[in-house]
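These protein sequence lines are chains A and B, in that order.
full-length UniProt numbering puts the first residue of the first sequence at 1, with every later residue one more than the last.
full-length UniProt numbering puts the first residue of the second sequence at 1, with every later residue one more than the last.
Misleading hints may appear alongside valid ones.
Same chains, same label: a pair holds when it works inside one copy or across any pair of copies.
[Claimed, not checked] Below, simulated DSS-like cross-link-like pairs (lysine-lysine); rule was C-alpha separation at most 25 Å, straight line:
| # | residue 1 | residue 2 |
| --- | --- | --- |
| 1 | K204 | K119 |
| 2 | K138 | K175 |
| 3 | K119 | K214 |
Calculated directly from the structure, the hints in this document are not laboratory data.
Protein chains: 2
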Amino acid sequence: MLIRAFVPAHITAFFVPRFNEDPLLAGSLGAGINLSKGTNIFVSIEEGLERHIHIAFNGEPVKKEDAVISYSVANEIIPKDFTGEIEIWQYFDFPNGYGFGNSAGGALGTVLSLAFALKEKTFLQAAQIAHKHEVLHKGGLGDVIAQVHGGIEIRTKPGAPGIGVVDNIFFEGYKVLAVPMGRLPTREVLDSDVVQLIEKEGEKALNTLLSNPKVEVLMKVAREFSERTGLLSGELLEIAKEIDKVLHLPSSMIMLGKSIFALLNENEIEKAKSLLEDLSIEEYHICDVYTQRPSVERWMEGKI
Amino acid sequence: MLIRAFVPAHITAFFVPRFNEDPLLAGSLGAGINLSKGTNIFVSIEEGLERHIHIAFNGEPVKKEDAVISYSVANEIIPKDFTGEIEIWQYFDFPNGYGFGNSAGGALGTVLSLAFALKEKTFLQAAQIAHKHEVLHKGGLGDVIAQVHGGIEIRTKPGAPGIGVVDNIFFEGYKVLAVPMGRLPTREVLDSDVVQLIEKEGEKALNTLLSNPKVEVLMKVAREFSERTGLLSGELLEIAKEIDKVLHLPSSMIMLGKSIFALLNENEIEKAKSLLEDLSIEEYHICDVYTQRPSVERWMEGKI
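Use the sequences and the hints to build the structure in full.
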């Protein structure tokens, strides 16, 4: 049996971490954008005499210690008494660790594919398993619930899907420019002193956005958040300022990666492209906002 | 400016009403199915000197007293100081009052279209307005939040979108047969003594389904609920029994309408069609489950 799933990449514009001993209650407040590119997951399940679970990233098998979240998720949802071969192929449109929610995308795609195949758990029961292991292994706090909802989202209550609350902003005519520049481990930032400043600035950004829920406000408060927390600085800030010159809305930093994002309308695309060429930036993505729920379906077989 | 929205028809399989003085906390527990047919809404907005709001059902203008919910919703979301002509055209794939969530579909489609056009409220703020007027005018308790989520759904916590919780069951290969037979005003049933029996049987059905969340279980508990509450009886029950003869899952009654629904796979469609012909039932619908969120977009103009 072959299952295929798609989970959008999720970029965070600003956030407030909410830690909790119960991983289902832990999460984040904040806002972000789900992209039309992300993680494609292919799962093959064959019954057999022994239990084996294999995971591959972009076609290359990975060891258990390099895919702890997805292995934990798979082990929890696959029944204890199952024997057979399960292969989980995860393909990422963006690099790992750059702030695109790949670990959550892989975990959520894995658990939804297996839940679809096994039909023993509900959607929320499955999604909560992905959230739990993301939180326990510090992959992220809010990506899973944001990816479940899609769109340009505001997280107004922290927690796992079914516990937290995610809202959406209406928008029209915008594409997303994403420029992955480097890694910034979530874990490192969340364990540092910057967290207090993040909480203060994140709450301010959230209140401003909720009182005037427009994408223009989102980009303004996102940029303020990223500069005031000191996360957007140095070379990355210089690049953001260059991009600002050709777009009507401010660009900002992807939380948490050394990456920049911006919203642009159709007639700004060419200007953005030639600027990035001038800056010798070769890797960038222009995609749509993904406004639907993650997809999961049987693959390469009749639909019945 | 022209906006187009689609909200799926929502049929309830079983439910537990949860009344509350605060309409945002009122709602229902239960389970149901969102259909690929439903309500199409077209909204035209033109600024002008006077404020006029017009609503039409299936192309025919309706008076305020015949579309109280949609008029209330429109009046609440349109800013007090707006002047101009707003036309709201609602087209229903199913008849009104037969249990397909038309009033919620019209209200939700109206409010999402206007929120998309005005861009001053979030998705949940808008959807809560639809839920509130549905509850206040006894259109229904759980349709709006179910339609927001899509799919084959289980309502595990009552309330408006953003307050209640909706889960989904994974399924594969099923289409939905819907047979609208007559009206059954929600208001009449909710004001009667049957409510206590509905609560008892509804809770039992919900617990059974949550402990084994499969569509096969859903149809079994739905049928038990509809017979034990006495809602499915007489001629309607006879028709359900006839339909059962050609399908592998039990059919059941749509809450609340004099209507029948069933899940059928591809190779049961022809058998169902000829049976309905034998029974001289001319109006029936075979549709897909709608698994996405309601759509709303600018209509007949460039997307930018």
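* Asked: Against which earlier hints does the structure fall short, listed by number upward?
  -> 2
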